[in-house]
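Participant: Sequences are here, hints too, so could you generate the full structure?
What follows is each chain in one-letter form.
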Amino acid sequence: MLHFTALVTCLALLFYFFTSFNVGKARAAFGVKAPAISGNPDFERVFRVQMNTLEWLPFFLPALWLFAIYVSDAVAAALGLVWIVGRILYMIGYSKAASKRGLGFGIQASAAILLWLGAFGAIAWKLVHA
Amino acid sequence: MLHFTALVTCLALLFYFFTSFNVGKARAAFGVKAPAISGNPDFERVFRVQMNTLEWLPFFLPALWLFAIYVSDAVAAALGLVWIVGRILYMIGYSKAASKRGLGFGIQASAAILLWLGAFGAIAWKLVHA
Amino acid sequence: MLHFTALVTCLALLFYFFTSFNVGKARAAFGVKAPAISGNPDFERVFRVQMNTLEWLPFFLPALWLFAIYVSDAVAAALGLVWIVGRILYMIGYSKAASKRGLGFGIQASAAILLWLGAFGAIAWKLVHA
Numbered sequence: 001m002l003h004f005t006a007l008v009t010c011l012a013l014l015f016y017f018f019t020s021f022n023v024g025k026a027r028a029a030f031g032v033k034a035p036a037i038s039g040n041p042d043f044e045r046v047f048r049v050q051m052n053t054l055e056w057l058p059f060f061l062p063a064l065w066l067f068a069i070y071v072s073d074a075v076a077a078a079l080g081l082v083w084i085v086g087r088i089l090y091m092i093g094y095s096k097a098a099s100k101r102g103l104g105f106g107i108q109a110s111a112a113i114l115l116w117l118g119a120f121g122a123i124a125w126k127l128v129h130a
Numbered sequence: 001m002l003h004f005t006a007l008v009t010c011l012a013l014l015f016y017f018f019t020s021f022n023v024g025k026a027r028a029a030f031g032v033k034a035p036a037i038s039g040n041p042d043f044e045r046v047f048r049v050q051m052n053t054l055e056w057l058p059f060f061l062p063a064l065w066l067f068a069i070y071v072s073d074a075v076a077a078a079l080g081l082v083w084i085v086g087r088i089l090y091m092i093g094y095s096k097a098a099s100k101r102g103l104g105f106g107i108q109a110s111a112a113i114l115l116w117l118g119a120f121g122a123i124a125w126k127l128v129h130a
Numbered sequence: 001m002l003h004f005t006a007l008v009t010c011l012a013l014l015f016y017f018f019t020s021f022n023v024g025k026a027r028a029a030f031g032v033k034a035p036a037i038s039g040n041p042d043f044e045r046v047f048r049v050q051m052n053t054l055e056w057l058p059f060f061l062p063a064l065w066l067f068a069i070y071v072s073d074a075v076a077a078a079l080g081l082v083w084i085v086g087r088i089l090y091m092i093g094y095s096k097a098a099s100k101r102g103l104g105f106g107i108q109a110s111a112a113i114l115l116w117l118g119a120f121g122a123i124a125w126k127l128v129h130a
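Protein chains in written order, with my numbering: chain A, 1 to 130; chain B, 1 to 130; chain C, 1 to 130.
Among the hints, erroneous ones may be present.
Which copy is meant is left open, because identical chains are indistinguishable; a pair holds if it fits in one copy or across any two.
Stated by the list, open to error - Here are the simulated PhoX-like pairs of lysine-lysine, each with C-alpha atoms no more than 25 Å apart in a straight line: (1) K25 to K96; (2) K100 to K25; (3) K96 to K33; (4) K126 to K33; (5) K25 to K126.
For the record, the hints were derived by calculation from the structure and aren't laboratory data.
Being a predicted model, the structure only gives us computed values, none of them experimental.
Facilitator: What follows is the structure, encoded as structure tokens:
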């Protein structure tokens, strides 16, 4: 059982839920009625924070779990926490201006890529030495 | 093996596939050519049904499986079925008018949040009592 | 341990990462500044390649793994490779013109649907004969 990775997965889902909730609030605040997803740049930035988190989840979650299974539960969970911190910084920066989203983006991308590299390397090693 | 949760996962994927298929049909019916994703409100509502289902899948599926692993296969599958029913009501309501999507949305959100709460609680309990 | 499926999952994530990377490049090349996601058809086609891959991942990955668990690791991995090849052809075709995306789309859809059918059939069989 990979308890630490399971817990960090729940925290990542909680953060994602929060970004989705913000889109609903921004629809009301900026008067962008469903089904529209454009028309107001302030709304669009909040919407893009959710969308970008959504875009990264199918990369992050499988890489996180393959890393946990093939390398280490604790290290996977630690990198997963770094990913969440990066996403929070990305959200805070992007909500101010599109140009301020770089730092958080880089942190979360680095964490996700490390998870992928570790998983890929360990799987390839197992296959070669099986 | 978590057979019930596996089966409900297949059913959720089938429903999602159906919403994607509807977008293709709506492109033809309302004359919205790829790569455009806006321009006709009737098309946009069908598109948003698929997109909203896509937005919830990375929350629903991990919460469903963590609940199944840490709590119960049968209860996870039952809540998963409620989620699918909520999504179907959401689709039917949204296809009529944006204002009629509330009930289905609330049902599927409640089911997904219950799955998350159960999984999070059980994982935290295991970590504290490990 | 399902090493072949794990490896193919990494390769699918790598391809998806590549399509996301292309969106960033296309933003610069066609002058579409974040948070905008429309305004230039050449950008929109590159964006839709990423989005369509994202749309299929939550269908493909669970179907792939359920097939691997319930049917066969090697066959799941082989169908997963076909899916990736289809997605590459789709990307190449769509980057030229929206009308040239059909072949790759059909190949990846067929592979994903076969994975779903195999998984669904095997799970239903297990439940009936349990």
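Participant: Enumerate the violated hints, using their earlier numbering and listing them in ascending order.
Facilitator: 4 and 5
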